[in-house]
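Here the sequence shown stands for residues 15 to 108, numbered as in the numbering used here.
FYI, nobody ran anything at the bench for these hints, they're computed from the structure. Heads up, a few of these hints could be off.
Result set (DMTMM-like, lysine to aspartate or glutamate): computed pairs, CA atoms no more than 25 Å apart in a straight line [what the hints assert, rightly or not]: (1) K49 - D80; (2) K68 - D24; (3) K68 - D97; (4) K76 - E62; (5) K34 - E58.
Cβ-Cβ distance ranges computed for the label pairs, FRET-style [to be verified]: (6) E43 - H64: 43 to 53 Å; (7) K76 - R16: 48 to 58 Å; (8) Q102 - G39: 57 to 67 Å; (9) D24 - E62: 46 to 56 Å; (10) S106 - R61: 54 to 64 Å; (11) A31 - V51: 44 to 54 Å.
By construction, the Cβ of each residue, glycine as well, lies at the ideal position given by its N, Cα and C atoms.
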Amino acid sequence: MRMCRSSIYDARNNFSALIKMAEAGESVELTRRDKPVAVIISYEAYRERHIRRKNWLSEWRKAHADSLLDEGLPYVRSREMPDPKKAQKLWSEK
15 MRMCRSSIYD
25 ARNNFSALIK
35 MAEAGESVEL
45 TRRDKPVAVI
55 ISYEAYRERH
65 IRRKNWLSEW
75 RKAHADSLLD
85 EGLPYVRSRE
95 MPDPKKAQKL
105 WSEK
């Protein structure tokens with residue numbers, strides 16, 4: 015897949031042409047002050063990447079099922095902030 019670069023300013027003036035390029039399979043990188051900020055791709059390319067990303071984890075688990083074990087401590091995400099007094103006490107015990 016080829017990639018074309020365009021500033022946001024130029025993209026505003028040539029948006030239809032950039033969409034046609036994306037539909038033809040060419041990615042268009044949009045820049046602001048010569049730094050990439052966005053990419054225009056065709057819907058087919060987007061859908062393909064989205065599906066691939068969605069299936070990646072389940073495919074990886076299947077491929078590595080023999081090395082994955084259900085042992086160890088469960089990891090539970092917590093949104094709670096630690097109590098500063100308890101944290102200070104833990105650090106001062108060392």
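Going down the list of hints, with the structure as the test:
1. For the proposed pair K49 and D80, the alpha carbon gap of about 44 Å is over 25 Å, so the pair is violated.
2. Simply put, K68 and D24 have alpha-carbon atoms about 34 Å apart, too far for the 25 Å limit, and the pair is violated.
3. Distance restraint check for K68 and D97: the Cα-Cα separation of roughly 37 Å exceeds the 25 Å cut-off, and the hinted pair is therefore not satisfied.
4. Annotation: proposed proximity of K76 to E62 holds, straight-line Cα distance about 21 Å (limit 25 Å).
5. A distance of roughly 13 Å separates the Cα atoms of K34 and E58; the hinted pair therefore holds under the 25 Å criterion.
6. The hinted window of 43 to 53 Å between E43 and H64 is violated, with their beta carbons roughly 19 Å apart.
7. At roughly 33 Å, the beta carbons of K76 and R16 sit outside the given window of 48 to 58 Å.
8. The hint said 57 to 67 Å for the Cβ distance between Q102 and G39, and at roughly 59 Å that hint holds.
9. The hinted range of 46 to 56 Å is not satisfied by D24 and E62, whose Cβ atoms lie roughly 27 Å apart.
10. In this structure the hint that S106 and R61 lie 54 to 64 Å apart at CB holds, the actual value being about 55 Å.
11. Range check, A31 to V51: about 19 Å between beta-carbon atoms, so the 44 to 54 Å window is missed.
Hint compliance for this structure: hints 1, 2, 3, 6, 7, 9, 11 are broken, all remaining hints hold.
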